[in-house]
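Protein chains in written order, with the working numbering: chain A, 1 to 158; chain B, 1 to 286.
Since the hints were derived computationally from the structure, they do not count as laboratory data.
A couple of the hints might just be wrong.
Claimed, not checked - Just a few of them, taken from the derived set where beta-carbon distance is under 7 Å, the chain A residues facing chain B:
1. Gly38
2. Gly42
3. Gly57
4. Leu68
5. Gly131
6. Leu136
If you're wondering where the values come from, they're calculated on a predicted model, not measured in any experiment.
Don't be surprised by glycine CBs; every beta carbon is placed ideally from N, CA and C.
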Amino acid sequence: MAGLAAVRFRVNGVERTVEAPPVKRLLDVLREDLQLTGTKEGCGEGECGSCAVLMNGELVNSCLVPVLQAEGAVVCTIEGVSVDGRLAPVQQCFLEEGGAQCGICTPGMILATHHLLEKYPQPTLLQIQEGLAGNLCRCTGYMRIFEAVRQASERGRD
Amino acid sequence: MRSNPAHYEMVAPATLDDVLALLAHAPGVHTPMAGGTELMVALGAGRLATRRLVSINHLRELRFISTDDGLVTIGSGTTFSDVRRSAVIAAEFGLLAEAASWTGSVANQNRGTLGGNIVNASPAADSPPALLAYDAEVRLVSVRGMRTLPYREFHLGYKKTALEPDELVHSIVLPRVYAGWVGYIRKVGTRNAQAISKVALAGLARMEGGRVRDVRIAAASLREIPVRCLATEAAVIGREITAETIQAARVAMMREARPIDDIRSSAKYRAAVAGNLVEEFLRRLL
Ligand SMILES: Cc1cc2nc3c(=O)[nH]c(=O)nc-3n(C[C@H](O)[C@H](O)[C@H](O)COP(=O)(O)OP(=O)(O)OC[C@H]3O[C@@H](n4cnc5c(N)ncnc54)[C@H](O)[C@@H]3O)c2cc1C
Ligand code: FES
Ligand code: FES
């Protein structure tokens, strides 16, 4: 048995310290150690994006991040997206446009959308498709998701 | 079988020198992890042989893109997103920027590194054909010092590289001499964004007086390592781009491609695609 590492990082604005095996997946640390179960596991191998979170402002798949590499990082999960208990505009648009059905892909989709709109506040359809290409959805057929993203970008402009 | 993380150790020494000292102390014991997009998948699937890892992801010394008059140097810890954001790479090494944009999803590009891509040494990896076309050099570092190797001598065999167990890839060096060259790069896969290539080809050429003055052609997934296609280059150098030249290049390519048969494609299909890509590249030079 190898030892545990004490890892300090900021999650949704709160300073946290966890003791965990250093290669424990950030995904599992969030869900098991910090009870932040909004982040979902789909494939566990980087293909589906349902575990996506923002780490230091960049979209990453938390199933491929060993927690030791999150030392000192600023992490944002789906729980940190809403503002004062109210849905963020991106979330509201997914809700209104039917961009979520079973909801497993949705937390990752929302964070990928955040990352996308940060880079391209007015994305083209092609940029939306590229930005979300790593997020798989088995339910919606994607069209409503693209529409939700487009709506969110329009609201951002107001 | 899913592996148990408690069975693995990982350390993250503060500086590059500390990491190199650790590697020198017991060569081969610690496996470096950069973005982890290969190693974490292997670990999760219970396919990782090593139990001891050293994180190099935080090392600022390895994440940079620097330029001087003659060279662009890219630190091994540079992510594909970093590569895509770089103005000098976009302007002068478009094939590499394009390859970076194929390397999995945005989330994958935010973590995966150039160093990890070449050390992992998949014959299908996306950056090697571009690096071969630009005649890149690779700098390897250890407590013994730095050595520089032409990148085309880096891959020795299937998943075997020239890297010694106490070494890290420090950086990739690109000569800034390609103004006026025409570039071509294309990956044929099952879908564009994040599929492993069936065949990928990078081409780079300079024309003079209607003839091919210089040419580089490099391919992924055609052999057990990424390769320069020297016979195909020889078939076009000094020639005009005519139907005969194109035909000669196709024949040379089919002959020198020794593709693998695997679950993704047959060898015959791959060789045929490679021939088509060479033709498309040469027509670009007209
Ligand atoms: C969903 C998904 C899609 C992908 N799609 C593509 C694709 O389309 N094209 C493609 O080419 N790849 C793809 N990859 C593979 C992977 O993302 C790339 O190979 C990436 O470049 C690996 O870099 P890394 O830093 O994450 O490597 P790591 O996993 O950290 O390391 C990979 C290997 O390199 C070694 N290593 C890393 N850095 C150094 C260094 N500086 N010195 C010495 N050794 C080092 C490690 O020890 C290890 O053996 C994909 C991966 C995933 C999960
Ligand atoms: S669970 Fe992480 S990408 Fe699928
Ligand atoms: S809503 Fe079910 S997977 Fe996307």
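Going through the hints against the structure:
With a least beta-carbon distance of about 17 Å to chain B, the hint placing Gly38 of chain A at the interface is violated under the 7 Å criterion. For Gly42 of chain A, the suggested interface contact is broken, since its CB lies about 12 Å from the closest CB of chain B, more than 7 Å. Evaluation of the Gly57 of chain A hint against chain B yields a violated restraint, the C-beta minimum of about 10 Å exceeding 7 Å. Because the closest C-beta pair between Leu68 of chain A and chain B is about 5 Å apart, less than 7 Å, the hint holds.
Taken as an interface hint, Gly131 of chain A checks out: its beta carbon lies about 6 Å from the nearest beta carbon of chain B, inside 7 Å. With a least beta-carbon distance of about 10 Å to chain B, the hint placing Leu136 of chain A at the interface is violated under the 7 Å criterion.
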